[in-house]
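Protein chains: 2
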Amino acid sequence: MLKEDRRENMEKEREILEKLKKYREMDLKYVDGRILGSMCTKPHPISKKIVEMFLETNLGDPGLFPGTKNLEEEVIKMIGEMLHNKNPFGYIISGGTEANITAMRVVKKMSREKGRKEVNIFIPETAHFSFEKAREMMDLNYIVVPLDKKYTMDVKYIKDYIEDNVEKGIDGIVAIAGSTELGTIDNIPEISKVAKEHNIYIHVDAAFGGFVIPFLEDRYRLEGYNYHFDFSVDNVISITVDPHKMGLAPIPAGGIVFRDSSFKRYLDVETPYLTESYQATLIGTRSGIGVATTWGIMKLLGYEGYRKIVSQCMENTYYLVKRMKEYSFEKAIDPVLNIVAIRDEDPVGTSLILRKMGWYLSTCRCVDALRVVVMPHITKEHIDRFIETLAQCKKY
Amino acid sequence: MLKEDRRENMEKEREILEKLKKYREMDLKYVDGRILGSMCTKPHPISKKIVEMFLETNLGDPGLFPGTKNLEEEVIKMIGEMLHNKNPFGYIISGGTEANITAMRVVKKMSREKGRKEVNIFIPETAHFSFEKAREMMDLNYIVVPLDKKYTMDVKYIKDYIEDNVEKGIDGIVAIAGSTELGTIDNIPEISKVAKEHNIYIHVDAAFGGFVIPFLEDRYRLEGYNYHFDFSVDNVISITVDPHKMGLAPIPAGGIVFRDSSFKRYLDVETPYLTESYQATLIGTRSGIGVATTWGIMKLLGYEGYRKIVSQCMENTYYLVKRMKEYSFEKAIDPVLNIVAIRDEDPVGTSLILRKMGWYLSTCRCVDALRVVVMPHITKEHIDRFIETLAQCKKY
Chain A
13 MLKEDRRENM EKEREILEKL KKYREMDLKY VDGRILGSMC TKPHPISKKI VEMFLETNLG
73 DPGLFPGTKN LEEEVIKMIG EMLHNKNPFG YIISGGTEAN ITAMRVVKKM SREKGRKEVN
133 IFIPETAHFS FEKAREMMDL NYIVVPLDKK YTMDVKYIKD YIEDNVEKGI DGIVAIAGST
193 ELGTIDNIPE ISKVAKEHNI YIHVDAAFGG FVIPFLEDRY RLEGYNYHFD FSVDNVISIT
253 VDPHKMGLAP IPAGGIVFRD SSFKRYLDVE TPYLTESYQA TLIGTRSGIG VATTWGIMKL
313 LGYEGYRKIV SQCMENTYYL VKRMKEYSFE KAIDPVLNIV AIRDEDPVGT SLILRKMGWY
373 LSTCRCVDAL RVVVMPHITK EHIDRFIETL AQCKKY
Chain B
13 MLKEDRRENM EKEREILEKL KKYREMDLKY VDGRILGSMC TKPHPISKKI VEMFLETNLG
73 DPGLFPGTKN LEEEVIKMIG EMLHNKNPFG YIISGGTEAN ITAMRVVKKM SREKGRKEVN
133 IFIPETAHFS FEKAREMMDL NYIVVPLDKK YTMDVKYIKD YIEDNVEKGI DGIVAIAGST
193 ELGTIDNIPE ISKVAKEHNI YIHVDAAFGG FVIPFLEDRY RLEGYNYHFD FSVDNVISIT
253 VDPHKMGLAP IPAGGIVFRD SSFKRYLDVE TPYLTESYQA TLIGTRSGIG VATTWGIMKL
313 LGYEGYRKIV SQCMENTYYL VKRMKEYSFE KAIDPVLNIV AIRDEDPVGT SLILRKMGWY
373 LSTCRCVDAL RVVVMPHITK EHIDRFIETL AQCKKY
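Protein chains in written order, with our numbering: chain A, 13 to 408; chain B, 13 to 408.
Just so you know, these hints were derived from the structure itself, not from any lab.
Among the clues, some could well be false.
Copies of the same chain look alike in the list, so a pair counts if it fits in one copy or across any two.
Said to hold, decoys possible - Below are the SDA-like pairs computed for lysine to any residue, each with C-alpha atoms no more than 25 Å apart in a straight line:
{"no.": "1", "residue 1": "Lys33", "residue 2": "Pro57"}
{"no.": "2", "residue 1": "Lys31", "residue 2": "Glu20"}
{"no.": "3", "residue 1": "Lys33", "residue 2": "Val43"}
{"no.": "4", "residue 1": "Lys311", "residue 2": "Pro57"}
{"no.": "5", "residue 1": "Lys129", "residue 2": "Asn153"}
{"no.": "6", "residue 1": "Lys311", "residue 2": "Leu67"}
{"no.": "7", "residue 1": "Lys15", "residue 2": "His389"}
{"no.": "8", "residue 1": "Lys337", "residue 2": "Ile399"}
{"no.": "9", "residue 1": "Lys89", "residue 2": "Ser289"}
{"no.": "10", "residue 1": "Lys129", "residue 2": "His96"}
{"no.": "11", "residue 1": "Lys60", "residue 2": "Glu37"}
{"no.": "12", "residue 1": "Lys31", "residue 2": "Arg319"}
{"no.": "13", "residue 1": "Lys31", "residue 2": "Lys98"}
Taking the hints into account, I'd like the entire structure generated from these sequences.
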């Protein structure tokens, strides 16, 4: 390239970056504390350098990137340990949706191998909408389980349903550890008893809770509440756990972990052009940055680091509840994790008014409430400002 | 944080980055020219700064990131123009697999709305394995179309099949523009005639060819070969086109573009917790870096920039064919795009020997051949070294 061309090119590059910056300035920033309804947050600062280092890696073709593939195996091992599984099998993928779809692929395939025509799966009312995508694609037959007064799956309903429909084979149960709406945790040990008796696959969606519950100190645990959700519970076969939520990794870093590698065969698809012969992930070409950042952040923070982050989020959660009380705002439930549901007669209307005032939060469906996810980017100052805005908004 | 703690933390961070570097050194690098079988390449250098700028963005919740969402709309508009569609609708997603699955979701939904039980889709023998993932999940019924002597879909087979099976409703035809194995382009205008007559949806998988064919100069076009593949062809409803292949964007940046937004409704799923009410993408949480890098690279390179890159790849393709001839290696077909198939009696065996010698390429299935994708990271020097290695390897 001629010197002049190069200079011209650099000038053009600078202009484009300037323009992109302007677009970026139209976005909200996590640090401003106005994003109160997202389960994502500002990635850990170490991410930047790791992303740069692994930008060209592709785990869709792992033979070309054996170092990065090694990191993935170590990450899955680390996450497995966190979830009481010494022999885990899994991948760091695009996110919770891909993870949940992946689990549903296995359930469907197993059902087919048993010669069943219908794939029958219990799913809680509070299930994330990714399960709707899975249902629609795979023609799954969901049996929607109503919630009990704790807003968790009514296990008795499951038992009764099975008794009343003995001819109907049940292929799976989806349970949630850290529901999107309320942060509730289904009573997975109770569900496990039923699953064991009838030999049913349990998939746990811990996309959010997976990086919270293992680090949640006793003082933040509600009395009489069941926090067991992982592979220590029988019949839990797969868990969705997203590093790009409370794990502080940048997007895309979702996680799917299976009890062991025997489940790989249900996912394998032949891959004639790649360095491996079978591919188990839904997505093909797949950046290694999710793996590398998750590895780096988990190594850097360790148990203690995540414990501190979760504790800080819980402190801020309690602070929000306290401030709510001062203004006579009611919580819908005692916070189980770092999510607060604020009772409101017209949550959608209120959230739209708040949005106009620059505050972004969302609403619950299972109860009339606004929903605040107290992510690590939320500070006490943000909470103060928010609570005052909410009070102001409710005056109208 | 105390000063000492901070120092300790920085030290730990440095150590982790050092370790990650060691893993990364185990990977192959595109610039070394040993990766001859991948459709990915070293991302354009401008990517690094853009990735940094957009690292925290999430297009899964576009109301929070209106600037980045704007960029996506502009990118889809730009890609639409490239594909002769002034009114495109689509997304920058995780890659070709998600894009192809997305198109199949629409075909299935449309079929269901017509009350059909079976979803019947013509698909070429050379279709990418992502279609197998779609088939398995969605229970699609593929009618595999054999290849003609050009290694493209035998259109007569399609016509005959429809005539012989009038009672069978056909829902879709998948055609390829730049097949993974050989870079061939199905005769989409011919397919279009059949599709028009019977009102059939055409999905074009131009994951690879989408960023090649529009920039391919006449002098690289084979005589009598049909290069038309885009929305200028009737009944082409959706196209997969991946910026992270020949578009030089980093992973993940796949693309799905529809003829217009009327197809959105087949994909929409209700999203109670987000800033938009319906989500049409398969994946939920979705980084904005794919969008922002694609925008930046397309603006920087423009038509002229991509033309130069494609021309350089084609020159190197021809150079490889010329060097092959010197050693009496035969090409399986005249290269259509920047992919060369080298005839070999035992392509799998040869590729394994080459791999041991440090060269990574893959094999074709539809013909006994090794397969080299002449991506922008491949130089004439790499080709020289490769050809000598191949000659050496064939002596044994």
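Comparing the hints with the structure gives:
1. Lys33 x Pro57: Result: close both inside a copy and across copies, 19 Å intra and 17 Å inter.
2. Lys31 x Glu20: Classified as within; 17 Å inside a copy, 38 Å across copies.
3. Lys33 x Val43: within (17 Å within a copy, 29 Å between copies)
4. Lys311 x Pro57: within (14 Å within a copy, 29 Å between copies)
5. Lys129 x Asn153: both (10 Å within a copy, 16 Å between copies)
6. Lys311 x Leu67: Answer is both: 20 Å inside a copy and 21 Å across each meet the 25 Å cutoff.
7. Lys15 x His389: between (45 Å within a copy, 22 Å between copies)
8. Lys337 x Ile399: within (10 Å within a copy, 75 Å between copies)
9. Lys89 x Ser289: within (23 Å within a copy, 37 Å between copies)
10. Lys129 x His96: So Lys129 and His96 fail the 25 Å test inside a copy (34 Å) and across (44 Å) alike.
11. Lys60 x Glu37: both (19 Å within a copy, 18 Å between copies)
12. Lys31 x Arg319: Result: close only across copies, 24 Å inter versus 40 Å intra.
13. Lys31 x Lys98: between (49 Å within a copy, 23 Å between copies)
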